[in-house]
Amino acid sequence: MTRDGDPSVLLDLADGLLHRADPATAGLWPRVSALLALQALDAALRGLWERRALGLQGCSMQTQLICLRSYLDDAGLAARAGHSASALHRACHHHPYELAPTLGELQDWLSVVRELIREVAPAGRSS
Amino acid sequence: MDPGILGLVSSRLEADGSADEAWATLVLAALGGRDAIEAVLAGRGVSPRAAAPRTSPVPVGAFLQSITVEGFRGVGPPQTLELRPGPGLTLVVGRNGSGKSSFAEGLEVLLTGDSLRWKERAAVWREGWRNLHHPAAALDATFLVEGESAPCVVSRRWEAEAAFDGARVAVQRQGGNGSDLASLGWTAALLTHRPFLSYNELGSLLDEGPSKLYDALSSILGLEDLVAALDGLQESRRCREKALKETTDARGRLLERLRDVDDSRARQVTAVIEGKEWDLGAVEEVLAGVAAGGSGTAEVDTLRGIASLEPPAPERVAAAVSEMREAAAATMSARGSAAARSRDAAAILELALRYHAAHGDGDCPVCGGEGALDGRWSARQGEVVTRLREAAREADAVHARAEAARRRWEDLAPLKIDALKRAAGVGLDLGELFGALGTWVEAGGISDLAKLADHVESASGPLGEAVVRLRDAARAELGRKEGAWRPAAVEVAAWLAGARDAVRGAGDVKRLKSAEAWLKKAAAGIRDDRFAPIAEKAARIWDLLRQQSHVELGRIQLTGEGTRRRVALDVTVDGVEGAALGVMSQGELHSLALSLFVPRATLPESPFRFIVIDDPVQSMDPARVDGLARVLETAAEDRQVVVFTHDDRLPEAARRLDVAAEIVEVTRRDASVVELRRALDPVGRYLEDALAVASTADLPGAAAARVVPGLCRLALEAACMEVVRRRRLGRGEPHAEVERILGRADGLTRLASLALFDDVERGGDVLPHLRREGSPAGAEAFRQSDEGTQELPAAAAVELVRQAGKLAAWLRGRA
Chain A
1 MTRDGDPSVL LDLADGLLHR ADPATAGLWP RVSALLALQA LDAALRGLWE RRALGLQGCS
61 MQTQLICLRS YLDDAGLAAR AGHSASALHR ACHHHPYELA PTLGELQDWL SVVRELIREV
121 APAGRSS
Chain B
128 MDPGILGLVS SRLEADGSAD EAWATLVLAA LGGRDAIEAV LAGRGVSPRA AAPRTSPVPV
188 GAFLQSITVE GFRGVGPPQT LELRPGPGLT LVVGRNGSGK SSFAEGLEVL LTGDSLRWKE
248 RAAVWREGWR NLHHPAAALD ATFLVEGESA PCVVSRRWEA EAAFDGARVA VQRQGGNGSD
308 LASLGWTAAL LTHRPFLSYN ELGSLLDEGP SKLYDALSSI LGLEDLVAAL DGLQESRRCR
368 EKALKETTDA RGRLLERLRD VDDSRARQVT AVIEGKEWDL GAVEEVLAGV AAGGSGTAEV
428 DTLRGIASLE PPAPERVAAA VSEMREAAAA TMSARGSAAA RSRDAAAILE LALRYHAAHG
488 DGDCPVCGGE GALDGRWSAR QGEVVTRLRE AAREADAVHA RAEAARRRWE DLAPLKIDAL
548 KRAAGVGLDL GELFGALGTW VEAGGISDLA KLADHVESAS GPLGEAVVRL RDAARAELGR
608 KEGAWRPAAV EVAAWLAGAR DAVRGAGDVK RLKSAEAWLK KAAAGIRDDR FAPIAEKAAR
668 IWDLLRQQSH VELGRIQLTG EGTRRRVALD VTVDGVEGAA LGVMSQGELH SLALSLFVPR
728 ATLPESPFRF IVIDDPVQSM DPARVDGLAR VLETAAEDRQ VVVFTHDDRL PEAARRLDVA
788 AEIVEVTRRD ASVVELRRAL DPVGRYLEDA LAVASTADLP GAAAARVVPG LCRLALEAAC
848 MEVVRRRRLG RGEPHAEVER ILGRADGLTR LASLALFDDV ERGGDVLPHL RREGSPAGAE
908 AFRQSDEGTQ ELPAAAAVEL VRQAGKLAAW LRGRA
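Protein chains in written order, with my numbering: chain A, 1 to 127; chain B, 128 to 942.
What the hints contain is simulated information worked out from the structure, not anything from laboratory work. Hints may contain errors.
Unchecked claim - SDA-like cross-link-like pairs, simulated, lysine to any residue; straight-line CA separation at most 25 Å:
1) B/543 / B/503
2) B/933 / A/95
3) B/933 / A/96
4) B/637 / B/627
5) B/339 / B/627
6) B/664 / B/887
7) B/933 / A/97
8) B/664 / B/573
Claimed, not checked - Reference listing, derived: stretches of chain A covered by chain B, where coverage requires no fewer than 3 residues with Cβ under 8 Å from a Cβ of chain B:
9) 26 to 35
10) 50 to 61
11) 69 to 78
12) 88 to 97
Think of the CB as a built atom: it goes at the ideal place given N, C-alpha and C, for glycine as much as any other residue.
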């Protein structure tokens, strides 16, 4: 695990929360899963910028996502990643009257994040 | 029957002075059903009290203790929603699809065997009742029943392949178990005081039209008995009107039929039923063959009389003739005999003796002998006469015989001349008979007995033939008439039977109509009386719910009956009266439906001490949600109110308005694992989550370091929002404006700026302000929460949560 955390590991943790019924995490898992998934996404992007020596690490998530479009061959994935990122971001902040995300929503977002991680992973490594 | 209704109706009859009306007994009988109505009309005085009462078990009042759902709709493995059995408000909060509604639906299905929200939907909706992730399906609910120390458990279980309606139901209750839901005595109340209200139902209540709404509301008033009584009266009246109409129609056909029957009876029947008033007694007499005096029936009688004529019997003629002849012969042979001479001498002497007796002694007037008649002569001749009479007796007998024989012809043909004269009137030819009869009666003028015998002998033959011919003609005519009449008579008889009933029934119609009219008016009065408190309560609820709505709700009334029954809602929009429901928004319509149905579900006579409302806040704006929270708070004073809701609006309103409420969160994991969790307010919940992750959750430390600050941020954001909302709404700012401002304040710093300075743009002042006014530790916790932290040992994570909690409490104090 790198200092920043391996994005795949973070995502596995997020994913694990969805699939296991555990009284200890009853009810809190949707937010925790969202927090972890957002960090996984963050870490994946940071890794990408570092390997490419682009210095985008400090930029806002929005900027990073805009730049991502130029560095990914798959424009569709870039768009999906943008959507999932903003949804996860929203789930990680308190909004009036909104309840925690549902299982289905989280599954969608997590699968996009996983796809992105796979896409930007350094050659020779895979999750 | 509801005995209260009978009392109400009786006292109303007394009150308006109708109790002694002829139809008043019918009104009371109608409450006992149609049989009772018919009995009264038939003169059998059946008291309505004697009519079989509909009995149902006394309903028990019950609170909900728990609902357990397994393999049903959104819930896979069994999950139990525990509730506090008593008055109070419980909010069950969960996103759509979380499985929360499965508890509401489950309870409804458990108790009613069906769910109203499925009724309007496609079959595929209904078929989806099973949870795909879990083979077993079961619903259980535990109720705390008033007056019973052990809870009552109702369950409904399905075998693996069982259809929706193939469940086994069991009821476990103190004092006896049963498999019958009816044993709970809730069957009627589930309809009339329906304790379930779902979003769909709220919407459809007003969509389905005024008569449906009427039915839904009027069912609580317990007026079914009145409606049934009215129906009974109407039915009895309609039966009679129908029978009369059928009889009248049949009469038309019968008259047509009788027109073709050439028979005086047909004409007579026609005459008595042609008019508006029918003389059914006369019809019956005609059928019975009794002459009613008119010329009509006499014709048939005449024919019958002639048809029964008998010709002179030949053996009697022969006997009479031979007697005449013998008597004549006897007379001849007696002439000149001693007896005859004695008879004649006696006759002369008797005359002489009467002469002497009358004129006294004197000469004989026959021989002229002087002084021949004196006393001695008279005495002597008296004896002589006696002797002579004795000697003449034989001659007297012969004479009497002859006289008797002479009269015998008169009895041989006893024809009544009146009857014969009438025969001419019915079209029979009397010429031959009158000819023969003329010859026959010549007998009266013949003094010679032998000649008379000859006459009788010769005239009797033609007379007999004439009688037989006339009689046969009469019989033929009679047969012809009967042939035409008899089938018609059968029809008349058949009609008569129905007509008697119909006419008798028609006599009841007026009474029935009076009873009906009175009961209709009384029912409307009773209905209004009973509905008034509900309408009042509904108006109060509406006032809480309407908030800034332009729609004002005036009087709510149940009006009309039958197909014109409806709920009249006196709706005013911006002061304009008579507005239709169409001008109301969906949210307003839902509010209106709630206003009408919360009172219905919370009536004292309902056995349900709980109401379950599924997602009432959809399409309600935040201001209205505040009103709803107040409504629920009021209802929860003496009822257990369980509300399922899909977002945090209602819990937020309840928290902000200090409405005591227990909040349960529902979340659903993979494979329909549904989790329930008692919830604090969002700040407390996030902090609790953060602490759980920091200290106990089985997440690796590095992951916890990443998650804990995020959860603390969520807690602080929620605290800031609460502060902003309380303050601004407290100042009277409109909900929409407050929500708009909160929507623009994204991120913790901007929210904190808004919370601390009432200004979203002073984010830079937040941390210095916190350090100065709050505590440095709190400011640091704020920074860590906002920015996240790379390294966070477990102890530090716990400390962060603690500091964030203190900061949140401090922030909330700024409201």
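For a quick check of understanding: which of the numbered hints are violated here, in increasing order? 1, 5, 6, 8, 10, 11
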